[in-house]
Each structure stands twice: as structure tokens, then as C-alpha cells.
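Novice: Chain B: place on chain A using the hints.
There are 2 protein chains.
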Amino acid sequence: MSTVWTQARRAARMNPSIIREILKVTEKPGILSMAGGLPSADTFPVAELKAACDRVLTQAPREALQYAASEGFAPLREWVAGRVAALGMHVRPEQVLVTSGSQQGLDLAAKVLCDAGAPVAVETPTYLGALQAFTPYEPIYASLAGDDEGPRPEALAALPHDAPGTRFAYLLPNYQNPTGRVMSAPRRAELVDAARRAGVPIVEDNPYGDLWFDQPPPDSLSSLWPEGSLYLGSFSKVLTPGFRLGYLIAPAELFPKLLQAKQAADLHTPGFNQRVVHEVIRDGFLDRHIPSIRARYKANRDAMAAALREHLPPGCEWQSPEGGMFFWLRLPAGLDAMALLPRAVDAGIAYVPGAAFYAHQPDARALRLSFVTLTPALIAEGVEKLGRLLHEALEVAAEPAP
Amino acid sequence: MSTVWTQARRAARMNPSIIREILKVTEKPGILSMAGGLPSADTFPVAELKAACDRVLTQAPREALQYAASEGFAPLREWVAGRVAALGMHVRPEQVLVTSGSQQGLDLAAKVLCDAGAPVAVETPTYLGALQAFTPYEPIYASLAGDDEGPRPEALAALPHDAPGTRFAYLLPNYQNPTGRVMSAPRRAELVDAARRAGVPIVEDNPYGDLWFDQPPPDSLSSLWPEGSLYLGSFSKVLTPGFRLGYLIAPAELFPKLLQAKQAADLHTPGFNQRVVHEVIRDGFLDRHIPSIRARYKANRDAMAAALREHLPPGCEWQSPEGGMFFWLRLPAGLDAMALLPRAVDAGIAYVPGAAFYAHQPDARALRLSFVTLTPALIAEGVEKLGRLLHEALEVAAEPAP
Numbered sequence: 001m002s003t004v005w006t007q008a009r010r011a012a013r014m015n016p017s018i019i020r021e022i023l024k025v026t027e028k029p030g031i032l033s034m035a036g037g038l039p040s041a042d043t044f045p046v047a048e049l050k051a052a053c054d055r056v057l058t059q060a061p062r063e064a065l066q067y068a069a070s071e072g073f074a075p076l077r078e079w080v081a082g083r084v085a086a087l088g089m090h091v092r093p094e095q096v097l098v099t100s101g102s103q104q105g106l107d108l109a110a111k112v113l114c115d116a117g118a119p120v121a122v123e124t125p126t127y128l129g130a131l132q133a134f135t136p137y138e139p140i141y142a143s144l145a146g147d148d149e150g151p152r153p154e155a156l157a158a159l160p161h162d163a164p165g166t167r168f169a170y171l172l173p174n175y176q177n178p179t180g181r182v183m184s185a186p187r188r189a190e191l192v193d194a195a196r197r198a199g200v201p202i203v204e205d206n207p208y209g210d211l212w213f214d215q216p217p218p219d220s221l222s223s224l225w226p227e228g229s230l231y232l233g234s235f236s237k238v239l240t241p242g243f244r245l246g247y248l249i250a251p252a253e254l255f256p257k258l259l260q261a262k263q264a265a266d267l268h269t270p271g272f273n274q275r276v277v278h279e280v281i282r283d284g285f286l287d288r289h290i291p292s293i294r295a296r297y298k299a300n301r302d303a304m305a306a307a308l309r310e311h312l313p314p315g316c317e318w319q320s321p322e323g324g325m326f327f328w329l330r331l332p333a334g335l336d337a338m339a340l341l342p343r344a345v346d347a348g349i350a351y352v353p354g355a356a357f358y359a360h361q362p363d364a365r366a367l368r369l370s371f372v373t374l375t376p377a378l379i380a381e382g383v384e385k386l387g388r389l390l391h392e393a394l395e396v397a398a399e400p401a402p
Numbered sequence: 001m002s003t004v005w006t007q008a009r010r011a012a013r014m015n016p017s018i019i020r021e022i023l024k025v026t027e028k029p030g031i032l033s034m035a036g037g038l039p040s041a042d043t044f045p046v047a048e049l050k051a052a053c054d055r056v057l058t059q060a061p062r063e064a065l066q067y068a069a070s071e072g073f074a075p076l077r078e079w080v081a082g083r084v085a086a087l088g089m090h091v092r093p094e095q096v097l098v099t100s101g102s103q104q105g106l107d108l109a110a111k112v113l114c115d116a117g118a119p120v121a122v123e124t125p126t127y128l129g130a131l132q133a134f135t136p137y138e139p140i141y142a143s144l145a146g147d148d149e150g151p152r153p154e155a156l157a158a159l160p161h162d163a164p165g166t167r168f169a170y171l172l173p174n175y176q177n178p179t180g181r182v183m184s185a186p187r188r189a190e191l192v193d194a195a196r197r198a199g200v201p202i203v204e205d206n207p208y209g210d211l212w213f214d215q216p217p218p219d220s221l222s223s224l225w226p227e228g229s230l231y232l233g234s235f236s237k238v239l240t241p242g243f244r245l246g247y248l249i250a251p252a253e254l255f256p257k258l259l260q261a262k263q264a265a266d267l268h269t270p271g272f273n274q275r276v277v278h279e280v281i282r283d284g285f286l287d288r289h290i291p292s293i294r295a296r297y298k299a300n301r302d303a304m305a306a307a308l309r310e311h312l313p314p315g316c317e318w319q320s321p322e323g324g325m326f327f328w329l330r331l332p333a334g335l336d337a338m339a340l341l342p343r344a345v346d347a348g349i350a351y352v353p354g355a356a357f358y359a360h361q362p363d364a365r366a367l368r369l370s371f372v373t374l375t376p377a378l379i380a381e382g383v384e385k386l387g388r389l390l391h392e393a394l395e396v397a398a399e400p401a402p
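Chains as they are written, first to last, in UniProt numbering: chain A, 1 to 402; chain B, 1 to 402.
This is chain A alone, in the form it adopts within the complex (with noise of 0.2 Å):
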């Protein structure tokens, strides 16, 4: 097809979403769909968002839908540097800056950091959603090795000669998604020690921090490393994803053209969507709000844990998550979460396979299990079906070859 546009160098980069065209696949009704990243709609806090709208258009309606300062609302900047005092930061207001949800945060670290070519670390597997964010700005990839606690502190060690010149390590210390791992306090201090030593900064992304189940996670990689460190924390977990409200916190030299780049991306977040968030939250109302989600996700984790035990064949391996959303599931060998996928949707349920959250070699044979938007009941069915594809996806790869 002729055309008179010249598309940038990156489009050709830029692909859509897996994790969109399975979602759009499971939205089928009757599909128990494990495969979202949605917190649950029951969390929402209406009745108080309500209450703050009105509030907010009844005192002070001209402030709130006019053109608004693009820091943000500075009582919400004042709310954000004194909550992450609980994870060991000492953050200043000005050093917030209000982004439209904690994904634009990524889009603006890597508009202010990253040159086509120059390389970015990330974990393996990682968030994809940072992925398409950098991918744009052309970063090259650097994979860090890693287990159960998170990437190996050896991997950043070796930054400085395996990928020399990295802009930044992306890290998600609690709760990772899709891993819902989290990374230990020794960890945390190994990989800071480590990070500091070769010369990269951390972008630290925390949306789940708060979704601890049992005991809340060690102090942010931020604390330990303050003027190495961008921080992006988020609304959408622990109140709602549909006013995109997140934030960023930079050091001071970072700051100006973090702002620079906000302003010319969307000039500001919206002015109401922060007052009302802020009039929700201004008198500790998450404090009493989120140890609901806490106890409502605890029992989804319990009662996914149990069907997974009781459902899945020999050579399925999966930790149990202390917080956050999701399982992170490794098939035995042989089978191919990917290649399972329709055959899951034909059987009426749905999860989203591992391989999206690679930036390098994918693992085939792992998948991501949310166990928020589930009922506990319909986990179980839902998980006992997955039980039942795999047997019989087993007995067909133990088949002799015809």
C-alpha cells in the first residue's frame, strides 16, 4: 500500500500487547479467567470516592477543572513523601512527582535515561508492561539471572562488563509480577551494595508493596540507596486503577527533566482525579482500607495454593506468594504453556503464559495464575480444570510417537 507516512525507526519496535490478545480472547462469558491483572472490583472504595467528588466540585470546583501545577496537587505530594517514610525513605514533597498511574512513571524514566543502543537491566522474567514502556526509547536488554529471592546480586556485579554503559537495573522488589516473588532483606542490601559498586542507578517499581499477606516486606531498595535510586509507586492496587494515579520519587538532579518530560507528555494528571484521591486518603483511610484487601487476597492466595495442591500432576512447580496477585506456575517438562493456552480457553478457563515477561529466551513452560478476581469457590473449579488439561496434556506427551 502506498502511503505518505514515515513511521519512526522505533514503531517497527513497538508490537501489541500478548497479554492483551489473550485478554481479549478470555473475555468469553463463562471463562473463569485467571489471566488478568486487575485488582478485585470488589476492593473499590465507592462510596468514598463518591463522597470525595462531591466534596471536591462542591469546595473547590475552579481549582480542581482547570489547568493544574504538572508536579501535582502539592497536599497528595505532601500524603506520598510522608507515606513512604513506613519503608525507611526520607523523601521531601518536592522530590514527588504525580504521574498518570505508575506506568507513565516508566515511560518518563525512560524518555529522560534511555539512548537507542544504551543498555537497561532487567529481571528475568519481568514486568511486561515496563518492557513496552522502555522499548520505545530502543534500550537493548541486559536479562539478570536470578532465583527465588530475585535477581542475583552477581548479575548487577557484572553490569559494568557484560552490558557496559547501563542506564539503569529495573527492579520490583515485592511481589514481583509475574513471579509474585519478594526479595529478602539481604537481598535487598546485596543488590544495592552491588548496584552502587557498578555505577547503575535502580528504577524500583512498587505497586504491590502494600499487599503483603502475613508480615510487610523489608524497606524499599530506595532507602538504601536514595540518590541512586528513581521510586514509582502506585493508586491502582490499593484503591483503584481507573483514576490513573501513581507517582514517581527522584533524586533532586533527576527531578527537572522528569518534570520536562511530564509536561510535554500530558502537561499535568488530572487535577480533580488527584483532590479526590487525596480527599479519600487524606485521613488515614488506607490504613483501614487496605488490611481488607490484605484479608480478601490472603484467603484467594490460601484457597489457590490448596486447589493447586490438590489438582495439579507430579512435576508442577510454584512458591506460594506472601502478597501480591499472582503464582507463577512452571509446567512439568515437555509441555508449553503457550501451545496449552486455547486448549485452557476451550476447557472455560484462562491464564496468561510465561513467556510474554522475557525481554530475552523465554521459559515455555511457565504461566501466570492471578488469584484476586476469582472467587475462592470458582479458584477452585478454576484451578481444578488446569488440573485436568495438564493431566490429560501429560498422558498425551508420554504417548510413544506415532
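Keep in mind that the hints were calculated from the coordinates and are not lab data. Mixed in with the good hints there might be a few duds.
To be verified - These stretches of chain B come out as covered by chain A in the derived footprint (C-beta under 8 Å, 3 or more residues):
no.	segment
1	50-61
2	236-250
3	268-280
Stated by the list, open to error - From the structure, some residues in chain B lie toward chain A, with a derived Cβ separation under 10 Å:
no.	residue
4	Arg10
5	Ser17
6	Ser70
7	Ala195
8	Glu227
9	Leu259
Unchecked claim - In silico SDA-like links for lysine to any residue, alpha-carbon gap of 20 Å or less:
no.	chain 1	residue 1	chain 2	residue 2
10	B	Lys24	A	Phe255
11	B	Lys24	A	Arg62
12	B	Lys50	A	Arg55
13	B	Lys50	A	Thr58
14	A	Lys24	B	Pro75
15	A	Lys50	B	Arg55
16	A	Lys28	A	Arg343
17	B	Lys50	A	Arg62
18	A	Lys50	B	Lys50
19	A	Lys50	B	Asp54
20	A	Lys50	B	Tyr67
21	A	Lys50	B	Val46
22	B	Lys24	A	Pro75
23	B	Lys24	A	Tyr67
24	B	Lys385	B	Pro342
25	A	Lys298	A	Glu310
26	B	Lys24	A	Pro256
27	A	Lys28	B	Tyr67
28	A	Lys28	A	Leu389
29	A	Lys24	B	Glu94
30	A	Lys24	B	Glu63
31	B	Lys24	A	Glu63
32	B	Lys50	A	Pro61
33	B	Lys28	A	Glu63
34	B	Lys28	B	Ser40
35	A	Lys50	B	Glu48
36	B	Lys385	B	Leu312
37	B	Lys50	A	Val46
38	B	Lys24	A	Ala69
39	A	Lys28	B	Ala69
40	A	Lys24	B	Ala69
Even for Gly, the Cβ is constructed at its ideal location relative to N, Cα and C.
Specialist: Relative to the frame of chain A, chain B by itself:
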């Protein structure tokens, strides 16, 4: 200062908005500011928005507060596709991408279309925010020579010679920010014809088109060349900027990459905001509401036109705008709008020096005056002060050098 951070090459080109810095200075109490590009807060439909927030959170709270489609809320996309028929455009809802203000549309367009070193053609002068959005993608700018009707068609026709490989021409047909001028119908046809022959597609930005005073502007540029045009629209000037809601309309071949860029940038525009705005406008509200904005702004325009005629010294040049929010004033030879600004602020008024709006050689004698944020009485007072300042400055300029 030693640092562990390496910034992207593009960051060196990103600078604080001059307007933003000026606005900070002019936010002193008591300043009669004609500097801001803000719509009048008196036009915000507070009661309608409040009722719509309540209805959305009553009728569809789980959907409005959950993650949503990157394309935007389907009924809003349908509304937009229907709305632009009045501009001569035949658009399918699938071509509409909801954005976080039209500023984000500028960012996404540049992300998908701009490579470092490839030209982008802009008007002389042009919207500062567009330069800010494009610049991080490191284009080189081709400034199109213009007259009172907009860019000259010859300037577009010369692009294949003057700036080969120009990715697009960024054009603002209606009541342009900063000059306030509208393109005539013949000029539109000539420009589109020249662009088509030159093989240079158009990014058309139309935030002010609804704000006409006596007669609507001619059909959009995009209506004349749908497959070669990317159209940007906004709710900021006709409803509220505080919800950050805009849209782009793209040819089918460009839509998928713009959608992926949107997804990478912030996943989606807040679903809550989209539903609330759709709830307000679905029944034809804008057709009742916008005429009241037009009447208000026209009265303000008249007040400023009268005050300029009464108070400004000979040698000042301006056109009375037929819509929008701005007068563009050219000072007599020898005066410099930027140099005069501190004295203007001392005198209790503020404007934006025109220099900020040029990609290349600025016109130091130009300045922008908004007529929509002050009342007619305060406009008269502000322009009188401006006139006094200019008279004094001309007297000083006329004195022989000591």
C-alpha cells in the same frame, strides 16, 4: 557533582517552559494576568459534572474504577466520530483514540512519527506545547513562513527541497495559539493541495475550533485529506481541562502504532473521567453549553479590542481574532516584549512574550494577550496599564543615547 545517572541525549534538549516560568512570576496577588492560556473557570459546568460523577459511580462503579481499554470508552469514541461530522469528517469510531488531553496526542504522534534528525514542519509562530512535545524525539524543525491567513502554501510546497523527508506539518487552522488567526477556506484547500503534492502528511490540532464568535470556521484540513491527516481534539476548552481529556483521529494504517504508544505511555486515559464526560455530553449538552462560552469570550474580545484601540500607542499592530482566546500584538520597532515584561509585572500586568512560540528566529516585538481570564472591566484596566507602559517605553527609546 559526581553522579551515577546518565541522562538520555534528548534530555539536553528538554527545557523548562518559558511560559511556565513566567506564570510563576505572574501568580503574585494583584497582578492582572493576560498571560495564561487557561479557559475561564466561569465556564466549567460544575453542577452537570457533579451529577455525572454521582451517576457513573452509582450505575457502573466497578467498570468505571477498573482498568479499561487503551483505545478509550467505546460510547465516547462513537460520540467523537459523530461530532466531527460537523467539520466535514467521515470517521469510524475505530479511528478514534482517547488521549489524556490533546497534549498527549502530540506526544504520541511524535513518538510514532519522529526520528532524531528528521524534519517536522511547524507554523511561524506555533503552539509552544507542541514544540515541547516534539523536541524530546529530536526532530529538526522547518519553520513555515506565513501571513495573516496561516502558513504560505509555497512554504509547504518547498519542503521536499528545503527539508527533505519531513515527517509531518503541524498545523493549527482555527484561532491559533498564539496568533489567534483562522485559516480561510481557500487557504486550507491550497495548503492541503501543497502538502499532498509534497508528500508531507498533516497533524492538525484543533483545540479552539468551537470557540468561534460570528461564524464557524471552514471544514477541517483532515476533511480534505483524511488518509494524510492526523486530527487532534480536546474537551479542555469547551468543558474542563481538569479532566485531561482529548482524542486523536488517525488513518487506519497509523492507528495500531498510536494505540501501542498510548498503551506504553499510561495504559489508558482514566475510565472514570471518560465516562463522566460522556455522561455530561451524551444528550447534546455541548450544543447548549458552548454558545454561552462563545458569548462570554466574544464580549471579552470586544472589550480588549476597544481597550487596545484606546490605549495603545501608534505603531502597535494587531488583528481582532474571530474566535479563540488570544490577541497577538506586535510592538513598535525598538521595543522588546521579553525585556519589557519585568516592568509590566511591576506595573501590575502580565503577558507572554512571543519569542517562546518560535522554533527558530523569534520576533522580539510580539506578545500574546489572553482575553478570557479577566472580566471586561479588568481587561480595560490591564490594557490601559499596558498602554501606559508602552508609551513610556517609546519615550525612553526615543531619547538620544547619553
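Novice: Any hints this thing doesn't respect? Which numbers, in order?
Specialist: Failing hints: none at all.
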